[in-house]
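Colleague: Take a look at the letters that make up each chain.
There are 2 protein chains.
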Amino acid sequence: MKVIKIGGKLIENQATLERVVGALVGLGNEPFVLVHGGGTLATQLAKELGVEQRMHEGRRITDARTLELAVMAYAGLANKRVVAALSSLGKRACGLSGCDMGVVVSHRRPVGAIDWGFVGDVDSVDADVLSDLLDKGICPVLSPITCSLGGELLNTNADSVAAAVAIAMADRTEVEAVMCLDKPGVLLDVDDPESVIPQIDRALYEQMKGEGKIFSGMIPKLDNAFSMIASGVKAVRITDTDHLDSGTLIVK
Amino acid sequence: MKVIKIGGKLIENQATLERVVGALVGLGNEPFVLVHGGGTLATQLAKELGVEQRMHEGRRITDARTLELAVMAYAGLANKRVVAALSSLGKRACGLSGCDMGVVVSHRRPVGAIDWGFVGDVDSVDADVLSDLLDKGICPVLSPITCSLGGELLNTNADSVAAAVAIAMADRTEVEAVMCLDKPGVLLDVDDPESVIPQIDRALYEQMKGEGKIFSGMIPKLDNAFSMIASGVKAVRITDTDHLDSGTLIVK
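Going line by line, the protein sequences match chains S and R. In this text, residue positions in the first sequence follow my numbering: the first is 12, and each later residue adds one. In this text, residue positions in the second sequence follow my numbering: the first is 12, and each later residue adds one.
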């Protein structure tokens, strides 16, 4: 099975969303769990409401009001748009946030040098909930709003949710995680979309990193990929939604 | 089993929500489906964004932008707040909108004297989806955002969704619908909360209506109740969340 992560930019615009969902449905009968972002919708809403957004290293610091906007944007608009678009193509889907059936339990990130506010880090994924849906031919569509055991909604990084889901599912079946970016894969030349590296293993990664050949923005994505693989995920594909079966395959 | 409908006012404020959810969990092991509104959250959001709201006979005319706000407020914030609050009391719940697993299919209301915009009227409820969850001890929590077969999200009246759910479930089991208002039941004297009429059947209703003893705002609620009963629902209780087992019982 696949765990596919798409960014919020793909959901913002109805035409783009329909193209993406068409590609996903084009995967045929292979079961998949979809994890989506929604940052651009949340940012836009905050801007319209005049709610100042504070970011740190590209991540959103989430005060109480920003959490409300994130819940509305991710768990509401983004999630239901994706589910409705899948349904319209005949793919039964079920939108879920972490609180639903306790599917993704997290805890609030402790205050350190930064107080992230209502930001969650994932503790566990209930793979039974996801398997039950998949067994019925239903595609789980997960927003990155998770929930603590105490019932606190928390804003969580979608890449981290996707990784936790892939790792949890890998305990019971062969999992490929597909992390969709706005590039067709890991590029040898960041300005040349034709320069996709087809496969990277740990040895090649270390070598390329040593030679300064990996674009710095890609390093956290690749580290996340290798950590999934270390935890039992068969392979991680880094690609865009136009190339769900190609891109760069990250393997052990 | 029970189908319980609560209004949006009860979700707006965290303290009120916790009280309501406490009362629901106090029902013990009896399974229930919860249907909630969210109008006050949507109205507040629209006000903050300066999106003008047009109402007709107390119902919201829903243009494209208002639909987005409704999806965010109902399917996002209201739905996840209720699910998280139930979870925090140990009640497993699953938030759903109509698009999720196709649980509530609707169609866009045809343009007549009024163009309601993206407002849906319910066609069908998939009782299997709800029964599957209830059988697992999971409480389905339904927002009034429904979905057409073509994948169009539609804003739907929560009372109508609750009625459709109660009727669909009544095909397979004994159903009591509990419609929670801000009054403890149907009152003989609208200013005296002690004047709750314990039971109303069709004959008494017609008699009281004839005598002008039914407060006009209650007539659509009672008509809705009798139409549920005519479609197989065992009884409808009109009450508030502090009196889930008392209030006014509407019977055949």
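Hints were generated in silico from the structure; no laboratory data involved. It should be emphasised that the depicted structure is a prediction, and the values quoted were computed from it without experimental measurement. Don't take every hint at face value.
Repeated chains share a single entry, so a pair holds when one copy, or any two copies, can fit it.
[What the hints assert, rightly or not] Think about it this way: if two alpha-carbon atoms lie no more than 25 Å apart in a straight line, the pair counts; the simulated DMTMM-like pairs of lysine to aspartate or glutamate are:
1. K147 / D182
2. K102 / D137
3. K224 / D139
4. K102 / D134
5. K20 / D143
6. K194 / D182
7. K224 / E59
8. K102 / D139
9. K147 / E163
Colleague: Using 25 Å as the alpha-carbon threshold, which applies to K224 and E59: within, between, both, or neither?
Modeller: Neither: 40 Å inside a chain and 48 Å across chains, both beyond 25 Å.
Colleague: Checking an output row: K224 and D139, CA cutoff 25 Å. Within, between, both or neither?
Modeller: neither (41 Å within a copy, 54 Å between copies)
Colleague: Taking 25 Å as the upper bound on the Cα-Cα distance, should K102 and D139 be classified as within, between, both, or neither?
Modeller: both (21 Å within a copy, 18 Å between copies)
Colleague: Quick one: K147 to D182, C-alpha cut-off 25 Å, is that within a copy, between copies, both, or neither?
Modeller: The answer is both: 20 Å in one copy and 23 Å across copies each meet 25 Å.
Colleague: Which holds for K102 with D134 at a C-alpha limit of 25 Å: within a copy, between copies, both or neither?
Modeller: between (30 Å within a copy, 19 Å between copies)
Colleague: Please work out whether the CA atoms of K147 and E163 approach to 25 Å or closer within one copy, between two copies, in both situations, or in neither?
Modeller: between (30 Å within a copy, 23 Å between copies)
Colleague: Regarding K194 and D182, is the shortest C-alpha distance of 25 Å or less found within a copy, between copies, in both, or in neither?
Modeller: neither (30 Å within a copy, 52 Å between copies)
Colleague: For K20 and D143, with the copy left unspecified, which applies at a CA distance of at most 25 Å: within, between, both, or neither?
Modeller: Answer is neither: 29 Å inside a copy and 34 Å across each miss the 25 Å cutoff.
Colleague: For K102 vs D137, is the C-alpha pair at or below 25 Å within one copy, between two copies, both, or neither?
Modeller: Cα proximity of K102 and D137: in one copy and across copies (23 Å, 16 Å).
Going down the numbered hints, you'll see the structure goes against 3, 5, 6, 7, while the others check out.
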